[in-house]
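A.B. asks: One letter stands for each residue in the lines below.
Number of protein chains: 4
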Amino acid sequence: ALQHIFKEIFKAGLEIQKDDQKEKLLVSRSMKSEDTVVSFGSAYIGGGSMQLIAGPCAVESYEQTAAAAREVKKHGLSFLRGGAYKPRTSPYDFQGLGLEGLKILRKAADDYALKAVSEVVSVYDLETAAEYLDIIQIGARNMQNFDLLKEAGKMNKPILLKRGLSATIEEFIYSAEYIMSQGNKEIILCERGIRTYERATRNTLDITAVPILKKETHLPVLVDVTHSTGRKDLLLPAAKAAMAIGADGVMAEIHPDPATALSDSAQQMDFSEFDDFILELQASGLLRMKETV
Amino acid sequence: ALQHIFKEIFKAGLEIQKDDQKEKLLVSRSMKSEDTVVSFGSAYIGGGSMQLIAGPCAVESYEQTAAAAREVKKHGLSFLRGGAYKPRTSPYDFQGLGLEGLKILRKAADDYALKAVSEVVSVYDLETAAEYLDIIQIGARNMQNFDLLKEAGKMNKPILLKRGLSATIEEFIYSAEYIMSQGNKEIILCERGIRTYERATRNTLDITAVPILKKETHLPVLVDVTHSTGRKDLLLPAAKAAMAIGADGVMAEIHPDPATALSDSAQQMDFSEFDDFILELQASGLLRMKETV
Amino acid sequence: ALQHIFKEIFKAGLEIQKDDQKEKLLVSRSMKSEDTVVSFGSAYIGGGSMQLIAGPCAVESYEQTAAAAREVKKHGLSFLRGGAYKPRTSPYDFQGLGLEGLKILRKAADDYALKAVSEVVSVYDLETAAEYLDIIQIGARNMQNFDLLKEAGKMNKPILLKRGLSATIEEFIYSAEYIMSQGNKEIILCERGIRTYERATRNTLDITAVPILKKETHLPVLVDVTHSTGRKDLLLPAAKAAMAIGADGVMAEIHPDPATALSDSAQQMDFSEFDDFILELQASGLLRMKETV
Amino acid sequence: ALQHIFKEIFKAGLEIQKDDQKEKLLVSRSMKSEDTVVSFGSAYIGGGSMQLIAGPCAVESYEQTAAAAREVKKHGLSFLRGGAYKPRTSPYDFQGLGLEGLKILRKAADDYALKAVSEVVSVYDLETAAEYLDIIQIGARNMQNFDLLKEAGKMNKPILLKRGLSATIEEFIYSAEYIMSQGNKEIILCERGIRTYERATRNTLDITAVPILKKETHLPVLVDVTHSTGRKDLLLPAAKAAMAIGADGVMAEIHPDPATALSDSAQQMDFSEFDDFILELQASGLLRMKETV
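Those sequence lines, one after another, are chains A, B, C and D. Numbered per the working numbering, the first sequence spans residues 41 to 333. Numbered per the working numbering, the second sequence spans residues 41 to 333. Numbered per the working numbering, the third sequence spans residues 41 to 333. Numbered per the working numbering, the fourth sequence spans residues 41 to 333.
Treat the hints with caution; some may be incorrect.
Note: identical chains are not told apart, hence a pair may lie in one copy or across any two.
[Claimed, not checked] As a list, the in silico DSBU-like pairs of lysine-lysine whose alpha-carbon atoms are at most 35 Å apart:
hint: 1; residue 1: LYS58; residue 2: LYS143
hint: 2; residue 1: LYS58; residue 2: LYS272
hint: 3; residue 1: LYS194; residue 2: LYS143
hint: 4; residue 1: LYS62; residue 2: LYS194
Worth flagging that the hints you see were computed from the coordinates, not collected in a lab.
Here chain A stands alone, though its shape is the one from the complex (with noise of 0.2 Å):
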């Protein structure tokens, strides 16, 4: 029993050095207490606001493209967000439209005075997004590709990075030191549902996961209420239940025409959808955006 003790003792050691290390995390609340703002010109994410980002799953023509930057902008929003590089499962199903993409994301941003969100999905292609993008996002299949996070951890872009499909709130958090650790400071993190036995939703929303990592790290946290719900009518009550817990912002999935976009058609909001969608979220009190562009 004596020696039953001695081992439970030295286990606690190695917990006690375990903690101290992730207390010693750069994105570690302990390390920095005041909220990291990432600031883009006269929109900023983290701090108190609430953001947030819409626009197309799939970038696929500059019209598209352009149509949603313009409902964007109608509700005062600052972020437009639009896949060129698309992660799919199979690998004939639309891959994106690749740099081709982002050009037409970037324009269209310019266009209506927003800023532009895409995901990067090799390294080959982070110089070049950096170049049309203001955030670079890394999304969830790829939370643990560490080639992917160091690299992103040297450009001097904000990163946006999604929580695995089956990632720990930890495993999360050591994820984001990754790409801390190689310099870049201005990381956002997302919160976008988790694998569960459920079939209701697509996945299941970790709604508490957001005031641990607000706890946790110094990093504003947002959540995607498309991918975590993959349900129309759950964007809205996710989105409130987001903002009342705390989340920085909010992201969803809008598309002038559902019906044709080549991907994720049955989660998209229509532009009409979307009205609504932002009215109720006015109308409920609980949306506190702040910002002007």
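Model the placement of chains B, C and D on the given structure of chain A, informed by the hints.
C.D. replies: Just chains B, C and D now, kept in the frame of chain A:
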């Protein structure tokens, strides 16, 4: 290929039948469009107000329970919870005071003009429990104890049904139907977190289950913030999310001296913490308590 | 930091206490090193032989059950299963023939000199069921129906306890302890798949639960290949894995005409398929049936 | 209702299309009925033999790696594994020796006439790694790093692809297709446990994934018993189950002195444990090693 098509059409037919069956459930919104409101004299659950149900994990003594009742009453709340029959993983853990616990809970509730809520785990105890309780709770572990559900369905007493640890929302709805099919129409649903791989929280609060249950059924839906998170620091954020997303109420555990509690000592709030919890909810503007006792 | 160290040592102390408690469970291997063998006259479960328990999902008629019994007997097997009380997700699905089903099962078992196994879902039915059955099964949904476990613990009849859909192995062991703590020492455990995100199978067969249960307890451990996989094409591979990893037996469902079965029609083997199943197991050299009736 | 029927038929049509697409994958059994056998001179993987791939978690030094190689050779095995690029949760954990590790592994393998297997985590390292390795491994965290998959598909070197921590079997198959669609036909799949709620094992070994993968694809399928269980006491039982269910091989980690290992110290076998492991597998009759180097 043609054979394959017929097979798929046959499968589609089965799906349609299944959907039809679901739409004809007594608990289904399509069978009764208006919200079910469970009324307790002056207090009620459902129909647009927000109820807080609080009390100790387990009834340990009259003093402890009365102290909690006084605290509940102080904040103008109407419902006191307290466990008398405790379902515990180990047969050697404290199993609750049983009938004695019910009597104590009843007395404390009466002394402070509150409604009493407690869990029943055995069909043998239903009748007796009904004499002492205003709401009979069926816990997560018994969500598919169909025998208990059927017997509860014959009672003339509101039933608070908690979602099983790994129950799908569909299974949860069918379990409510087991109760209602026996005649009891006063059913309150409660999301209490589901079991996933994530270890930062005791369970994963499936927050979007709330709007799904509100859409598919006409029943009131509560959120148990204590058992879903298992962390005191997440009770307030989780309660805010629950209120924002449209829950009809929140359940939380409080104890005059959590450190000495016979169960769940780490996750019960003391009264000072509960005062802050209530204050912050009121300050958030999310708490819409309309009823008075 | 010192305070932290004391806290960790305190936690280590709690862990040790918990481990000590586990080692003192009646079902624990550390309390009884030799295997529990549950004996039924000439046949037995545990102790190095391999048993196959087969029969229809639900008892539907004497003809159907007797046909299955004949098939079971043909292969020299000793145990016939058949559901009389069926736990079903929907209250409107076929709930089994009840007492009538038990009587049919008993008669079919007697007519072919087999032992009868069936599930009981209500404490009210335990006494009656014990008159008709050789083994009383407690199903996955009732693994933490502690009331039923305690009553089963007072019976003088072997109990086959299935693992809950999302029960940890530790919880499973404690549920067995609920039974044994009441005096009943004849308990057989059954791994039947756990609920995960994977949809290729009905559940995920947790095959390494078998050696863990064999190591931590002295009880026999079976594997239910039908409910864990839900796919006929996986019954044989799953049975081979179960036998290779040290299970004491395998449960599988067979039906004279699966297409017309009142439940689980897609996953029951017809007799020709069962003949192949047995043949292939014998050819693999993994089937070690030593006993004869 | 009629509208509903048409909708369902439309959905059925989509399902058929999707199934058709799956049947036309290059990795699909329906496109190539005979087993793919990946051949390495005298040794091969697939086609009915049973291979054991063993070696240290990480290459730490020539002495350590050569000791493992000698041990592997002693048992007549053909494949030596050893990590040079280690994907680690924390950026501050040992990340492997990199190129130096590859060189050591190659030399140790050559000195004992073994084939060398190691993981690559970056597209930048593929070319160099191909010079030193006989099999390039793509790990669980990179299973949907489509960039890496595509580049691996252009290599003239066998790829060992591990299943992602929470990947469905369908996603796993599509990831293999990403590789094969680029021309590389020599792909070996490896089940390594999935992430579930259960904590008794590091991951949950999804043993029935093996026959499903063998049925749906023509590729060899291995089981990594070390990472799926994370427990030394389960390596042998898991290996037996893998062999019985039809796996083409088993991967396991060994180290001359596990206690001093720079990673995974708790789950690597020392050589005496590995001797027993081999002996018991041979005694079980399940080990069918036909080839010799």
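A.B. asks: It remains to establish, for every hint, whether it holds in the given structure.
C.D. replies: Verification of the supplied hints:
1. In this homomeric assembly, LYS58 and LYS143 come within 35 Å of each other (Cα to Cα) only across copies, at 32 Å, whereas the closest approach inside a single copy is 44 Å.
2. For the homomeric pair LYS58 and LYS272, the shortest alpha-carbon distance between copies (23 Å) is at most 35 Å, but the shortest distance inside one copy (41 Å) is not.
3. Proximity of LYS194 to LYS143 under the C-alpha cut-off of 35 Å is found in both arrangements, the shortest distances being 23 Å within a copy and 28 Å between copies.
4. For the homomeric pair LYS62 and LYS194, the shortest alpha-carbon distance inside one copy (22 Å) is at most 35 Å, but the shortest distance between copies (40 Å) is not.
The structure agrees with every numbered hint stated previously.
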